[in-house]
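Undergrad: Residues per chain, in single letters:
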Amino acid sequence: MKERNQYREIEDFLADESFRLWMRSKEDSNCWEEWTLEHPKRAKLVEEARLWLLAMKVPEHDLSQEQVDAALQSTWMKIEKIEQESKMEQKLIQLWKTTWFRKIAAILVFGLLSFYVYDNYFVSKNNNSYYEQIVANTDDNGLLEQINNSNKPQIVTLSDGSSVLLQPKSKLSYPKVFMGNERNVYLSGEAFFEISKNPKKPFFVHANEIVTKVIGTSFRIKAYANQSDVEVLVRTGKVKVKSEKAIRNSSQEEIVLLPNQALRFVRKNQTFNKITDITLDKSLSSSIRSIEQLSFEFTDIPVAQIFKTIEQAYSVEIDFPKQVLEKCHLTTSLSDQPLPEKLKIICKSIGNNSSYTMNGNQITILSKGCN
Amino acid sequence: MSLKNQILHNAVLDDNELWVEMKAGDEKAFSTLFKKYYSYLIQYGNTFSPFSEKIQDCVQDVFTDIWVYRNSVSDTVVVKAYLLSCVRKRIVRLQQRDKVFNKTKSVDAIDFLFDFSIEQQLISDELTAGKVAHLNKVLNVLPARQKEALYLRYHHGLNVDQVAEILNVNYQSANNLLHRALVNIRKEWKGNMALLLMLLANWI
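Line by line, the protein sequences give chains U and L.
First residue of the first sequence? That's 1 in my numbering, and the numbers climb one at a time after it.
First residue of the second sequence? That's 1001 in my numbering, and the numbers climb one at a time after it.
No lab work stands behind these hints, which were simulated from the structure alone.
Check each hint, because a few of them may be wrong.
List of simulated lysine to any residue pairs, SDA-like, C-alpha gap at most 25 Å [unchecked claim]:
| hint | chain 1 | residue 1 | chain 2 | residue 2 |
| --- | --- | --- | --- | --- |
| 1 | L | K1028 | U | I79 |
| 2 | U | K57 | L | I1123 |
| 3 | L | K1187 | U | K201 |
| 4 | U | K57 | L | N1175 |
| 5 | U | K26 | L | Q1120 |
| 6 | U | K81 | L | R1093 |
| 7 | U | K57 | L | E1119 |
| 8 | U | K201 | U | E341 |
Cβ pair distances, simulated, as ranges [claimed, not checked]:
| hint | chain 1 | residue 1 | chain 2 | residue 2 | range |
| --- | --- | --- | --- | --- | --- |
| 9 | U | H61 | L | A1144 | 18 to 24 Å |
| 10 | L | N1159 | U | F101 | 53 to 59 Å |
| 11 | L | N1159 | U | H61 | 41 to 47 Å |
| 12 | U | L92 | L | Q1172 | 44 to 50 Å |
| 13 | L | S1052 | U | G111 | 53 to 59 Å |
| 14 | L | A1024 | U | K103 | 38 to 44 Å |
We treat Cβ as the ideally placed atom computed from N, Cα and C, and that holds for glycine.
Please work from the sequences and hints to get the whole structure.
TA: And the structure:
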């Protein structure tokens, strides 16, 4: 800093803090007054510097003690927040640096990746869309579709008198009337089929990758889109099973199933497993539905009892004149018959022009009593 | 060394001591520095923006950063100049980011919106009053940057080096800014002073 005796310019004075202090607050600790009066030339400079300072006032807006304290407090809060955040970050970084954590992370990533690859390339290829694909590819336009979203089985009656007991979460596509010399239906899920006999018109069930050919028989097919196996279980008669691919390639790989035999198609590797004794197969024997357990061989049984059995087997309701039929007993074998056929036989046996009407799950018997 | 200089010297020494203690993690030293400079920095910040709440935020953020990153800040700083410079940079950054807050366009220049006022109570005669009023007018129409340089140099008492650092220019440019400001004022003022004196003489 220059000695004040060398001050020649106004800025020299302006820059001198003790000079500013003297001018603004009259605090003359450096004896400026005395010094100024020593020289008239100095006095002129000092006077001009004074004018400058007077024109350059910066108002002091000092904040109150409380305002500053509040600001300090909120600053400490900001600091705390940042420090906590950076601590969390450091913890994460440390965690990442430990080898076991990285190993676990690597395993997880690998696992997820392989699951994704597996799911996309091996499973989905032969998944859900099968039913839609097949249904879409058929020439049969005007297919009807029955979807069972309830939690009870539903009965579907086909135009040829066959009946299909459709289990929950299953759907069946079928033509309103069977044309040509084949009967084709399409299943996704599980259903119990009772097919009316017609050797001239074989019946085909397309379920996922397999086709089941029957002439007249009862059997169950379980072919859920999201399950890895397709199952066919025969109760009466004889069925032949082929894979859809085999049909397209017209190769001869076909499997014949007889009553109480079953077949499991493993979708993953497209192979057939024939099960000759269904009681030995846990998953098959445990999933047997009431319709497959009930006997339809009746010997001198009250009609009411027979109707009850049918109600149980097909999840239907049968409305019949109880008093009129109270004393009617029947002896009949209904095992290998579809539901409409069963009802027809019962009505015929009762005689007296008895008849039935069927509306969805509701069956009504009209009768004036038995012979 | 005079008594006053002694006091000033001590103040600087205190700042440096507090700074070193703060860097070592002393919360009390930090709080002391905060209390000492907060309102000062708010005042400086308010010269750039009418949004005083944002300025308070800026100044508090400056202190927050200083504490959080205390290990990496230099230990040989002139605390006052350093703080002023941090506040200014922070406001520049804020104005670049904030579209609403931002009325300026260029990257480096935030407008110094401050106007010098007049020390009325120190003026007793009409002649001085007239001269000071005129000088004040001339000062306030200076370019913003020259005005800010004057403000930092003669209000905050920073040296040219520190002014240069705060305005983000080199020493020579800062010196030129100050010099140009003074030349401008003197030219304007001296030119009109004769006229002014004549008018005043007539009026008296």
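Undergrad: Please go over all the hints and tell whether each is borne out by the structure.
TA: Hint-by-hint comparison with the structure:
Of the pairs offered as hints, the one joining K1028/L and I79/U holds, with about 15 Å between alpha carbons and a cut-off of 25 Å not exceeded. For a cut-off of 25 Å, the pair hint linking K57/U to I1123/L stands: about 12 Å separates their Cα positions. With a C-alpha separation of about 117 Å, the suggested pairing of K1187/L with K201/U is violated against the 25 Å cut-off. In summary, the hint linking K57/U to N1175/L is supported, as the alpha carbons are separated by about 22 Å, within the 25 Å threshold.
For the hint linking K26/U to Q1120/L, the alpha-carbon distance of about 15 Å falls within 25 Å, and the restraint holds. At roughly 22 Å between alpha-carbon atoms, K81/U and R1093/L fall within 25 Å of each other, so this suggested pair holds. The suggested pairing of K57/U with E1119/L holds, with an alpha-carbon distance near 6 Å, which does not exceed 25 Å. For the hint pairing K201/U with E341/U, the CA-to-CA distance comes to about 18 Å; that is within 25 Å, so the pair holds.
One distance hint, 18 to 24 Å for the beta-carbon pair H61/U and A1144/L, holds here, with the actual separation near 20 Å. Between N1159/L and F101/U the Cβ separation comes to about 54 Å, which falls inside the hinted range of 53 to 59 Å. A hinted range of 41 to 47 Å is violated for the C-beta pair N1159/L and H61/U, which are about 25 Å apart. In this structure, L92/U and Q1172/L meet the distance hint of 44 to 50 Å, their C-beta atoms being roughly 49 Å apart.
Separated by about 56 Å at the C-beta atoms, S1052/L and G111/U satisfy the suggested range of 53 to 59 Å. Against the hinted window of 38 to 44 Å, the Cβ-Cβ separation of A1024/L and K103/U comes to about 41 Å, which satisfies the hint.
The structure shown violates the earlier hints numbered 3, 11.
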